[in-house]
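Undergrad: As a plain string of letters, each chain reads:
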Amino acid sequence: MKPVRPCGKVIYSSLIIGIVVVLGVDGRLVQSGVVEREKNIKELREDINSLNLINGLNLTQHQIKHVLQYTEEVKSLKESYFKDNPTAQEMEKTFTELKTVLEKNQGIPYDIERRTNNVNERGKEEIERFARDLKSIETKLDAVLLDSQKAVIEDFNPCLIPPKNLKDPVRVGQADDHSPGEAMLERFRKLPDTAFEMKKDEILEKHMENIEKHLGKMTDKEEEKEKERLLAVVKEARAMSDVDFELNKTSLVEKIKPHDERKELATKLHKINEARRTELGKAGKYLLNERVVPLLEKRLDDMKKFAKATPVDLNKIESADICKKGACGLKE
Amino acid sequence: MGKESISRRNFMLNLGKFGIGLGVAPYVLDRFYQENVLGKEDSLYEVDLRYYKRLAGSEVQCFICPLNCVLNDGETCFCRTRKNHSGKLYSHAYNNPCVIRIDPVEKTPLNHFLPGTQTLSVATGGCNLRCLYCQNWQQSQEKPDELKNFNLASWQAVKGAKDKGCNTIAYTYTEPVAFYEYMRDMAVFSSQKGVRNVMASAGYINPEPLRELCRYIDGFAIALKGFDEKYFEKVCGSHITPVLEALKVIKEERKWLEITTLIVPTYNDDMANLRKMCQWIKTNLGSDVPLHFARFVPEYKLKNLPPTPVQTLEEARKIGQEEGLRFVYLSNVAPHEGNNTYCPNCKKDVVKRIGFKVLENNLEDGRCRYCKRSIPGVWT
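Quick note, the sequences are listed as chains A and B, same order.
Counting from 26, one number per residue, gives the positions in the first sequence under this note's numbering.
Counting from 886, one number per residue, gives the positions in the second sequence under this note's numbering.
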């Protein structure tokens, strides 16, 4: 057996130490990798949501400049409240003391209790003032947005792939304008009676699954009721003449929409809260947000750099069919 | 006078005749009522002799549109709807729509015509143009007989429109010039019944049939595809001059008119050319004619192109405004300030829209609520 050279000893020991270290911290590395990835995915998701909204708003350069200005104002406001604010500093100190005392579980000294209540009260007042200041920035934001843009923001739900009305809205003069509900009813109408009887449960089941995706799991009773309601609309659609169906399909689609009690309650609650609300509304939440800043800056930059593509040479394109005078007749 | 006797046989015979007459009468009367009062029910309709001529042999020549197609027996016009049957020209589009839908009137697009109301949109297969970007090519580039159609007589359409609360019937989506007779007869009937008519067209029609149409059509949404003959020829398979003539005819006939230009990137987005177009509109039609610049979205044979950048549309809109057009809109971009109607006097938004949905209407009797300036359009 060959003896190990001194340099070899160094190399082997380093290797072993390395392996041990790696194995030792492996858990932490994996852990930090997971955290990092989780954070990345979360941030990517947020950015995609924001981009979907920004794309759906068609903000002008002028509007983007204003939004960026207001985002900057929000940032300074936050700094003034949370970074250099003595109340916030005192709150941090007192809460730390309270936590230490609670960890020991030996009762709360009167002085800490008094200071906690005091600083908490002051903190609440400051937060209310902060919310008011934040709201005033949001009011300025509201003033630069069109009513139609505000309507889009109000209807917007965070998403990865935007809904059809944002991604590919119906265009002027576009004949193909079928909603998924219309398509479903049309499928049902095309089925002959026997096929309908055979397939109706299967199709209804699929539809119920879709509904549940949006509304959450239903109870058996709710599901039964929903199916009955849906089946009645489908039967109504099937009984109609082609012309009647075309004229009534929009209202039929309205009828098949499930009754979403939770959404109704949420809307009601939203309305009640709206009047009393101190926190930001949807516009403020989505646009006066630090993560939106780089996205809007890039958009503004792209807009400034915008240059139209070179015009096409019409002589070189494959031209449309054209009728030559006197010889337009199409043969069978 | 002696009493005339009638044999039992004759009595039974006459009774039988009377019975048959009684049985057939409702059908005959109903048919007469539908054809003469309500409108014809057949899908094959002989074109009026005013708009076609019988030539030598069994050839015919159609005069509805500037193509003036000459057809041998069995041949169909370039629009795919009119066919020569043994020396007679028939429309195959009559009572034969492939699309019936209820839409907002703004989808036509008409922004100054009963905003916020519903219209019954009707279209048949066929078109006398061959636009490379057609968004309804599945219907427009087919013969009516090759599509799934609905048998819809004028009276049914009008009844449907009334039942569904539509103020108008819109002849749209494909090219109504291709279903001229069906549109005209439906418009005649519906105007008698208090339902107004609007037509969305490329305006490639001869003056005489257009003037006749102007008697019944209340609003026109004409697509002025560009302002360059080469573009018309190469991209739309058409010519510009007849369209400009049609626009002048509509104006002369004092009918409500709005113009739409689809901006196809790199094809017709030359701003100098669009400026010339705006100048022509102002000089020949007036500053009050609304102009819509519409965003192109890749379709049909131009799927390789990107959608029109919003900035290009905004630049076009600015040019229109600089040239003195008072109502310049952006279509197929929403939300956008170019969707709204602004009062030319106080500059306030008198009709706020998102796409073709009206959010707020601040017009009172056709006047701006804020400064009372009259806004041109059909408002009531």
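Accuracy of the hints is not assured; some may be wrong.
[To be verified] According to the in silico footprint, chain B covers these stretches of chain A (three or more CB under 8 Å from chain B):
| no. | stretch |
| --- | --- |
| 1 | 69-79 |
| 2 | 111-121 |
| 3 | 315-327 |
[To be verified] A partial selection of chain B residues facing chain A, derived with a Cβ cut-off under 10 Å:
| no. | residue |
| --- | --- |
| 4 | Y936 |
| 5 | T961 |
| 6 | L1037 |
| 7 | M1156 |
| 8 | L1190 |
No lab work stands behind these hints, which were simulated from the structure alone.
Using N, Cα and C, we set each Cβ at its ideal position, and we do this for glycine too.
Undergrad: When the hints from earlier in the document are held up against this structure, which numbers fail?
TA: 1, 2, 3 and 4
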